[in-house]
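Chemist: Below, each chain spelled out in residue letters.
2 protein chains.
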Amino acid sequence: MTATPPTLAALSAKNLYLQPLPPSHTPLPGKENFGRYMLSIPWNNVTGWGQATIEPRRDITVDPLSGVMQYAGTCFEGMKCYKTEEGDLRLFRPSKNFDRLKRSAARLGLPCEWDNDELVSLLAKLVSLESDLVPQYDGGNLYIRPTMIETGEAYGIKASPYASSALLYIVTAVNLGKALYASAEEEGKGIKLDACKEYIRAWPGGTGSYKLGANYGTVMIAKKPDFAMSLWVHTEGGEDYISEAGAMNVFIIKQAEDGALEFITMSLSNGIVLPGITRDSIIELLRKHGANEKDFPLDGMLRNIRVVERDISMSEITSSLADGSLKGMFGCGTGVVVVSIGQIQYDNQMYTIPHNPLVLLLRDTITGMQRGKIEHEWSYKVPEWKGVRAEAAAESKGNDEKAEDLAA
Amino acid sequence: MTATPPTLAALSAKNLYLQPLPPSHTPLPGKENFGRYMLSIPWNNVTGWGQATIEPRRDITVDPLSGVMQYAGTCFEGMKCYKTEEGDLRLFRPSKNFDRLKRSAARLGLPCEWDNDELVSLLAKLVSLESDLVPQYDGGNLYIRPTMIETGEAYGIKASPYASSALLYIVTAVNLGKALYASAEEEGKGIKLDACKEYIRAWPGGTGSYKLGANYGTVMIAKKPDFAMSLWVHTEGGEDYISEAGAMNVFIIKQAEDGALEFITMSLSNGIVLPGITRDSIIELLRKHGANEKDFPLDGMLRNIRVVERDISMSEITSSLADGSLKGMFGCGTGVVVVSIGQIQYDNQMYTIPHNPLVLLLRDTITGMQRGKIEHEWSYKVPEWKGVRAEAAAESKGNDEKAEDLAA
Numbered sequence: 001m002t003a004t005p006p007t008l009a010a011l012s013a014k015n016l017y018l019q020p021l022p023p024s025h026t027p028l029p030g031k032e033n034f035g036r037y038m039l040s041i042p043w044n045n046v047t048g049w050g051q052a053t054i055e056p057r058r059d060i061t062v063d064p065l066s067g068v069m070q071y072a073g074t075c076f077e078g079m080k081c082y083k084t085e086e087g088d089l090r091l092f093r094p095s096k097n098f099d100r101l102k103r104s105a106a107r108l109g110l111p112c113e114w115d116n117d118e119l120v121s122l123l124a125k126l127v128s129l130e131s132d133l134v135p136q137y138d139g140g141n142l143y144i145r146p147t148m149i150e151t152g153e154a155y156g157i158k159a160s161p162y163a164s165s166a167l168l169y170i171v172t173a174v175n176l177g178k179a180l181y182a183s184a185e186e187e188g189k190g191i192k193l194d195a196c197k198e199y200i201r202a203w204p205g206g207t208g209s210y211k212l213g214a215n216y217g218t219v220m221i222a223k224k225p226d227f228a229m230s231l232w233v234h235t236e237g238g239e240d241y242i243s244e245a246g247a248m249n250v251f252i253i254k255q256a257e258d259g260a261l262e263f264i265t266m267s268l269s270n271g272i273v274l275p276g277i278t279r280d281s282i283i284e285l286l287r288k289h290g291a292n293e294k295d296f297p298l299d300g301m302l303r304n305i306r307v308v309e310r311d312i313s314m315s316e317i318t319s320s321l322a323d324g325s326l327k328g329m330f331g332c333g334t335g336v337v338v339v340s341i342g343q344i345q346y347d348n349q350m351y352t353i354p355h356n357p358l359v360l361l362l363r364d365t366i367t368g369m370q371r372g373k374i375e376h377e378w379s380y381k382v383p384e385w386k387g388v389r390a391e392a393a394a395e396s397k398g399n400d401e402k403a404e405d406l407a408a
Numbered sequence: 001m002t003a004t005p006p007t008l009a010a011l012s013a014k015n016l017y018l019q020p021l022p023p024s025h026t027p028l029p030g031k032e033n034f035g036r037y038m039l040s041i042p043w044n045n046v047t048g049w050g051q052a053t054i055e056p057r058r059d060i061t062v063d064p065l066s067g068v069m070q071y072a073g074t075c076f077e078g079m080k081c082y083k084t085e086e087g088d089l090r091l092f093r094p095s096k097n098f099d100r101l102k103r104s105a106a107r108l109g110l111p112c113e114w115d116n117d118e119l120v121s122l123l124a125k126l127v128s129l130e131s132d133l134v135p136q137y138d139g140g141n142l143y144i145r146p147t148m149i150e151t152g153e154a155y156g157i158k159a160s161p162y163a164s165s166a167l168l169y170i171v172t173a174v175n176l177g178k179a180l181y182a183s184a185e186e187e188g189k190g191i192k193l194d195a196c197k198e199y200i201r202a203w204p205g206g207t208g209s210y211k212l213g214a215n216y217g218t219v220m221i222a223k224k225p226d227f228a229m230s231l232w233v234h235t236e237g238g239e240d241y242i243s244e245a246g247a248m249n250v251f252i253i254k255q256a257e258d259g260a261l262e263f264i265t266m267s268l269s270n271g272i273v274l275p276g277i278t279r280d281s282i283i284e285l286l287r288k289h290g291a292n293e294k295d296f297p298l299d300g301m302l303r304n305i306r307v308v309e310r311d312i313s314m315s316e317i318t319s320s321l322a323d324g325s326l327k328g329m330f331g332c333g334t335g336v337v338v339v340s341i342g343q344i345q346y347d348n349q350m351y352t353i354p355h356n357p358l359v360l361l362l363r364d365t366i367t368g369m370q371r372g373k374i375e376h377e378w379s380y381k382v383p384e385w386k387g388v389r390a391e392a393a394a395e396s397k398g399n400d401e402k403a404e405d406l407a408a
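So the sequence lines, in the order shown, correspond to chains A and B.
Its first residue numbered 1, the first sequence is counted upward by one per residue in full-length UniProt numbering.
Its first residue numbered 1, the second sequence is counted upward by one per residue in full-length UniProt numbering.
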């Protein structure tokens, strides 16, 4: 599953080249909300990873027959950088994202070997340069989009299933927290989903558990205007099962017969659900709390809870709604963090899901960790970087050389 | 399914802008086999289709957060241009390809409305400029790759499922006919396939019947070194069914109990098989011949034949091999045209498929039509274009203006 013989150059943060913004920098119209810089690292199967560069955000230039243009050779991650009340920058479990990017890249035959510490170090420098842009309030953050594309030629029959060259790049965008997050605030309402059977997002043996561009562009047209997103439904043995909603993992909250409150989410075993990092974090926090191993970080979580990973059918949702055992439903992911699901349209009927205050508690816990209000090992503190001063110096003096010296 | 209100500008061949090659033109290293020119036509949802341009082949430049980079917003076609013995250029059913491109584009929310005659006219001009490069022998041709990419921004939650901007471009490559076609010549041997159950190419409700990049990049890693390509196998009700092989449609040739020779290929009904144009052509030729409506173009085709479109299981293949009723198997598509399948590895066993001379007859018929050796309405004769003279004039005199005048 790897295209990288060990003799090729490794990905390294050491020889970073920093190209500062020109003193005259002004963002292009329509691109004002993007981070001003981008990080990119080229790779090819002859020399391995090339020099990492942080430079002013620019277009990507590829051959018309490159893998990304022709055969959807692209995978990505979604991450966020937060600013604490004290003004330092935080990332949330960044190595988890880069592990998943490796897995996605391997699935596409793209380079998938690097030291996450090197990549986190480079990302830390990138976000440090944008520190002034990172909102310092709940819900605001700098959205980070690591992307790996196949730049090598790919058309017709290739002798090797592996890419000959690729580019890993990271761009950012300021997230003022006005979109989905805002609707998430309206607890008691939640978002409205359309259960979609016409388009199937993923299937066993496919790519649903990988964060490939191919999983996203192909289901765009399923979105209906009045709905926040689609709830993906697939049919097996005459039963409709749910998997994800839009690009979120989904949980239902259900009263079990033994008195426990169950948080049920789709298992990863059939490979049609993305192994979400927010999903994983919620499961670990709830499991440890339920098992009395480690208390949930915020007050208010019940003790008699249980996390269950298994399939969830639409008939389970409708019948547990009818008998009152369904106590809530939510989606989670980097974009939305945690958001209540308020309504589901399914088979021409609208189902209203009960509101559960634990959803808000979950969200406040995750966002609290992310913004460093709740101290936790999952929050990665971005170290100060002297390159930021170099950049500032270069910006005022137009002194590129100095920036380069200090960037190392 | 359309993002194009009728008030937007239509795709037009009228105002083509031709940018001739510079007199000093030399191909870049590693790109010598590519056509020297490319055709591109931008589109956006405010003004519609923009000016078509034919210019020296260049890289594509897109925003790092464009739909093609992030969400695999890309679809394509494969076509070929042939040179007849008389020296004129031919395309094979080009409108069929552009109809399929519309369908693929619609599936991705990309622009999908244009007059095929306009696009064929532009393509005809592009290939006219490359006329000197088109091989004039059987198996040689100019491979044509129309591609539509989403250039508009796509990340996070989009309000609309439709692209805001896109680019339709066409590039070409000289195909000397030394690759798969050559192995196809070795009749009696045929290509070797690996029946793959680990990776599933397509499933009902997915995108298997659309020519999306997403269907191709995601299955690259299934390819095993000793095999020409994978035979895609999916399991339903405990039975393994085949769909496509690599990027080809597949037929089996089987002796039916009533004495007819059946050409059986997977039905398009469940949406997991690409509606191939070679497939469609073969079906029509055989059906009309079998029904005594129109004779098969070359001598040697049996009269008592029948085309059947239905599912084909691996157990049908192995059992009809055992009882002798399997008379042959072949793949077809623009790339390979028609190629015998000689061996299939399935469940750790190698099956040898009998050679059938009708496969060669089918290939000779299709390639004969394509190269104009068999006259048929499916062969589109590229009209002469004065822009070619303009281009030549500009090349010798460096006179861009004259080229532009004549290009209209």
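Some hints could be false.
When chains are identical, the list treats them as one kind, so a pair holds in a single copy or across two.
[As the list claims (entries may be wrong)] Below, in silico cross-link-like pairs of lysine-lysine (PhoX-like), each with a Cα-Cα straight-line distance of 20 Å or less:
| hint | residue 1 | residue 2 |
| --- | --- | --- |
| 1 | Lys192 | Lys158 |
| 2 | Lys386 | Lys14 |
| 3 | Lys31 | Lys288 |
| 4 | Lys224 | Lys373 |
Simulated from the structure, these hints should not be mistaken for lab results.
Chemist: When the hints from earlier in the document are held up against this structure, which numbers fail?
Modeler: Per hint list: 3 and 4 violated.
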